[in-house]
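A.B. asks: Read off the chains here:
Protein chains: 4
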Amino acid sequence: MTDLTWQTAITKVEPNKISVHGYRIDEMMGKLSFSQAIYLILKGELPTEKVGKMIDAMLVSSIDHGVSPPSTLAAITAASTGSAMNGALACGILAINKFHGGAVEGCMNVLKKIAAVKNERSLSIEKSVESVVNDFRNKKKRVPGFGHRLHSKDPRSIKLFKLAHEYEIAGEYVDIAKTIEVYLEKTSNRSLPINVDGALATVLCELDFQPSLGNVFFIMARIPGLVAHVVEEQTRQKPMRKIHPTAYEYDGKSQRTIT
Amino acid sequence: MTDLTWQTAITKVEPNKISVHGYRIDEMMGKLSFSQAIYLILKGELPTEKVGKMIDAMLVSSIDHGVSPPSTLAAITAASTGSAMNGALACGILAINKFHGGAVEGCMNVLKKIAAVKNERSLSIEKSVESVVNDFRNKKKRVPGFGHRLHSKDPRSIKLFKLAHEYEIAGEYVDIAKTIEVYLEKTSNRSLPINVDGALATVLCELDFQPSLGNVFFIMARIPGLVAHVVEEQTRQKPMRKIHPTAYEYDGKSQRTIT
Amino acid sequence: MTDLTWQTAITKVEPNKISVHGYRIDEMMGKLSFSQAIYLILKGELPTEKVGKMIDAMLVSSIDHGVSPPSTLAAITAASTGSAMNGALACGILAINKFHGGAVEGCMNVLKKIAAVKNERSLSIEKSVESVVNDFRNKKKRVPGFGHRLHSKDPRSIKLFKLAHEYEIAGEYVDIAKTIEVYLEKTSNRSLPINVDGALATVLCELDFQPSLGNVFFIMARIPGLVAHVVEEQTRQKPMRKIHPTAYEYDGKSQRTIT
Amino acid sequence: MTDLTWQTAITKVEPNKISVHGYRIDEMMGKLSFSQAIYLILKGELPTEKVGKMIDAMLVSSIDHGVSPPSTLAAITAASTGSAMNGALACGILAINKFHGGAVEGCMNVLKKIAAVKNERSLSIEKSVESVVNDFRNKKKRVPGFGHRLHSKDPRSIKLFKLAHEYEIAGEYVDIAKTIEVYLEKTSNRSLPINVDGALATVLCELDFQPSLGNVFFIMARIPGLVAHVVEEQTRQKPMRKIHPTAYEYDGKSQRTIT
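Protein chains in written order, with numbering that gives the first Met the number 0: chain D, 0 to 258; chain V, 0 to 258; chain F, 0 to 258; chain B, 0 to 258.
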């Protein structure tokens, strides 16, 4: 038989000892938040406390967006037929693609392109943004991460940028993203504010994540929301109901504040 | 057309305002950890700070267990054929079932049954455990949540119980779980220590979660680990390799401690 | 390393020779229909020509049922977000469960139970049916495979029974199924005709398939239908549209006949 | 509410009448094979009898390839953890991608490109093949559909071409495919015979299917094979076994012939 031995560099499992990138998992427990552990397993190193809090804020920002996203509808459609929880969650994840949750990666690529243009051609941020955004327009393509059909000022984006400053993470990519927003505002006839995909993309660039990991943050964040919707479907609804995509009403808790 | 209007009680989405169980998501960001937000979306109320930390520890405990679990093997098998990330993650989730990650729910049911027997029949914990465990034995079934093929003293279980005490969450269910462990030790000819599924089950019972949500914690926790393995497959391995389930070697970071 | 060698009895692959249950695949091609090959791979033996035709009719009967089934809605919801074809098909399959397409197995178990009662207690078919159906009623459960919200006389069931007679496959299970239908008609205040799940179940019992394979025939049959709907979504619809579950219109080919 | 009415052109469902592209499903049953119905639902018209037989041969050719393909390994890995059948099949489908079963579409695009070059530039088949194949080589890319790590003369490809002639389907695309094979033989230092993906691609081009449907034929064909392997896993193997990707032995039926 040919040698099929292979190598892995993530987690070492020994009897009574499990280590992620060298850190014992029982030491991580109680010392690291889940968000810090997520950063560790994806990047190989521990985040600073501020970066850990940034990850928390990013994941919280995308934990749910109600019943209308296709990922939620796909998950509850499966649940309505009697699916096990994991089947319904798989359905939900399979409905997170280019047109839903998928703009994070695209926006990261745009931001990195603009940074590259700026550095390679020694241009100002404004000129670099203009050049790359005009390329999109000439190809009749939208700049991913900008514009939302419902939110004209996405509260999640605003807060993500605010926290990026507070946690001292904001840098060149935040400047680029804001410059894009201004340029689109000036040159479009409709408002195209940075949406949550775009804000996540900006922060992920600041944290030096690969664009290919962009959508993964959306998926990781949304799983608990999908779980909640599947449970609601299983407990409040009749099997095999017709699920209308817009005729729903919120009948949950009233507005309240964290004290 | 019949009225297809339906109700949802999780998240209210209005223009420029998104609220989860009544809390504005932009207020949650920066104030709540992801783990606290997970508790909120699943239970409808905010956790105490200590409960939030317990959730963190639970999710960290199960973030990864190396390349050998079937969920990891299923995910990297799909990745090896060129799957998109979401397809590979869906594969991983679909391989989390009764025999892998699925003992949390089963163990929660056992713990709740023992608590019920104890209260209904006014028995001691020891007698209640004996009664329910013997039922399993008479049916030639294993008590879910106990025994591990590799770990004789699972460091994750030990730490979860330690933290449950530290965070003042430990109560009757911890007593029951420990009593089961002692009884199995005394009456089995092989060691059946409480494993991480059993420890998660115990803490989830203390936190008053439904048993049907048990496996969901394992799934939520494991997603980031699956992501890391899929990225490793995509970046370190050749497509369509033969994936040997045991002939792997760890070549990552050496042992280190959190400072 | 422990010996991980395992055995498989389905397909033997040698250089330039592939054999399914002993038959060379290149010999099968051109001699066997796909339906005959499906029977072979699942049962291990070749079907008679008539049984092969019965399989064809069964698979044709369930190839599609328009856009309203949840499996179709789940598949096109994923497609609408930009999913790859295999992801959308996986979504569709994950929405085939107990309450949708899942009655085949349940009905097979009922038919087999009635046959067992009949033989063990030496009862008439009528008395055996009465006994088992009344058990369901006492438990407030519906008999799976009977009743349809749209079709009062399901044309697929009628034709499956007709062909079962024509192909000389009809036997005891067809008698049992028809007796159930009569008994339900007599004792219910609403019509509960045998539906396509029930008719498939009956024929599968006659062909001596395991009940656990029941739903698989529905899944195999429905895949091409799901493919057609995903292609239609990709080519006729805009991404991320709101998919209304009942407000659709058929604008395809007019009624015609096979000549 | 905005109008969400939408159109579909595949299947019309009326009470007691279901029609696929205008043909009543109960008329199709008994008159059409499953393969003919698959052609109808995907193309909108009935195939000739010969084309129907060609579809049968194509689907039979890819019904299974033993336990080693990643789609099979992914499906049985899920099954081994206790997955429901539909979850295991979804896993299998999710492992059919670019590097496994995914060459059909790529090869169809190559064949169509060569045909276009030939017609647009009025070149011979040989010159057209040379031009397009050399483009691939200059980009250091393999021509999809040629070469197999096990089969030097793939019996499935040979038979598909033979039947394409017998059923009078062979035309320009068969010529192109054979010319590619000859050119690769002449100019490569290793044998790159047309594999089953390439042969399917050739026939699908002759039948005027869209390249985007190429992989779908592989998926539709492989489902019954996956079902058989999942059943075998469930019935012959212990849960959570370590699944070795090469250390398996065939212990099924001996060689036999269709009589």
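Worth double-checking, as some hints may not be accurate.
No distinction is drawn between identical chains; accordingly, a pair holds when it is met within one copy or between any pair of copies.
Straight-line Cα separation of at most 30 angstroms, BS3-like style, residue types lysine-lysine; simulated pairs [to be verified]:
{"#": "1", "residue 1": "Lys97", "residue 2": "Lys241"}
{"#": "2", "residue 1": "Lys161", "residue 2": "Lys237"}
{"#": "3", "residue 1": "Lys237", "residue 2": "Lys126"}
{"#": "4", "residue 1": "Lys237", "residue 2": "Lys42"}
{"#": "5", "residue 1": "Lys112", "residue 2": "Lys241"}
{"#": "6", "residue 1": "Lys30", "residue 2": "Lys161"}
{"#": "7", "residue 1": "Lys30", "residue 2": "Lys126"}
{"#": "8", "residue 1": "Lys252", "residue 2": "Lys185"}
{"#": "9", "residue 1": "Lys126", "residue 2": "Lys42"}
{"#": "10", "residue 1": "Lys177", "residue 2": "Lys42"}
{"#": "11", "residue 1": "Lys49", "residue 2": "Lys139"}
{"#": "12", "residue 1": "Lys152", "residue 2": "Lys139"}
{"#": "13", "residue 1": "Lys49", "residue 2": "Lys112"}
{"#": "14", "residue 1": "Lys237", "residue 2": "Lys185"}
{"#": "15", "residue 1": "Lys49", "residue 2": "Lys241"}
{"#": "16", "residue 1": "Lys97", "residue 2": "Lys42"}
{"#": "17", "residue 1": "Lys237", "residue 2": "Lys16"}
{"#": "18", "residue 1": "Lys111", "residue 2": "Lys97"}
{"#": "19", "residue 1": "Lys152", "residue 2": "Lys126"}
{"#": "20", "residue 1": "Lys252", "residue 2": "Lys112"}
{"#": "21", "residue 1": "Lys241", "residue 2": "Lys252"}
{"#": "22", "residue 1": "Lys126", "residue 2": "Lys252"}
{"#": "23", "residue 1": "Lys241", "residue 2": "Lys30"}
Hints in this document: simulated from the structure, not taken from any laboratory.
A.B. asks: So, for every hint listed, does it hold in this structure?
C.D. replies: Comparing the hints with the structure gives:
1. Lys97 with Lys241: both (26 angstroms within a copy, 16 angstroms between copies)
2. Lys161 with Lys237: neither (43 angstroms within a copy, 35 angstroms between copies)
3. Lys237 with Lys126: Answer is neither; intra-copy 57 angstroms and inter-copy 34 angstroms both fail.
4. Lys237 with Lys42: between (44 angstroms within a copy, 22 angstroms between copies)
5. Lys112 with Lys241: Neither, since 45 angstroms and 33 angstroms both go past 30 angstroms.
6. Lys30 with Lys161: both (26 angstroms within a copy, 13 angstroms between copies)
7. Lys30 with Lys126: neither (45 angstroms within a copy, 37 angstroms between copies)
8. Lys252 with Lys185: Answer is neither; intra-copy 40 angstroms and inter-copy 49 angstroms both fail.
9. Lys126 with Lys42: neither (33 angstroms within a copy, 49 angstroms between copies)
10. Lys177 with Lys42: within (27 angstroms within a copy, 37 angstroms between copies)
11. Lys49 with Lys139: For Lys49 and Lys139, the Cα distance exceeds 30 angstroms both inside one copy (39 angstroms) and across copies (45 angstroms).
12. Lys152 with Lys139: within (24 angstroms within a copy, 48 angstroms between copies)
13. Lys49 with Lys112: within (27 angstroms within a copy, 44 angstroms between copies)
14. Lys237 with Lys185: between (50 angstroms within a copy, 28 angstroms between copies)
15. Lys49 with Lys241: Classified as neither: same-chain Cα gap 45 angstroms, cross-chain 39 angstroms, threshold 30 angstroms.
16. Lys97 with Lys42: Answer is both: 24 angstroms inside a copy and 27 angstroms across each meet the 30 angstroms cutoff.
17. Lys237 with Lys16: between (46 angstroms within a copy, 27 angstroms between copies)
18. Lys111 with Lys97: The answer is both: 19 angstroms in one copy and 27 angstroms across copies each meet 30 angstroms.
19. Lys152 with Lys126: Answer is within; shortest intra-copy Cα gap is 25 angstroms, inter-copy 59 angstroms.
20. Lys252 with Lys112: For Lys252 and Lys112, the Cα distance exceeds 30 angstroms both inside one copy (44 angstroms) and across copies (32 angstroms).
21. Lys241 with Lys252: Close inside one copy (25 angstroms) and across copies (26 angstroms); limit 30 angstroms.
22. Lys126 with Lys252: This pair counts as neither: shortest intra-copy Cα distance 48 angstroms, inter-copy 43 angstroms.
23. Lys241 with Lys30: Result: close neither inside a copy nor across copies, 46 angstroms intra and 34 angstroms inter.
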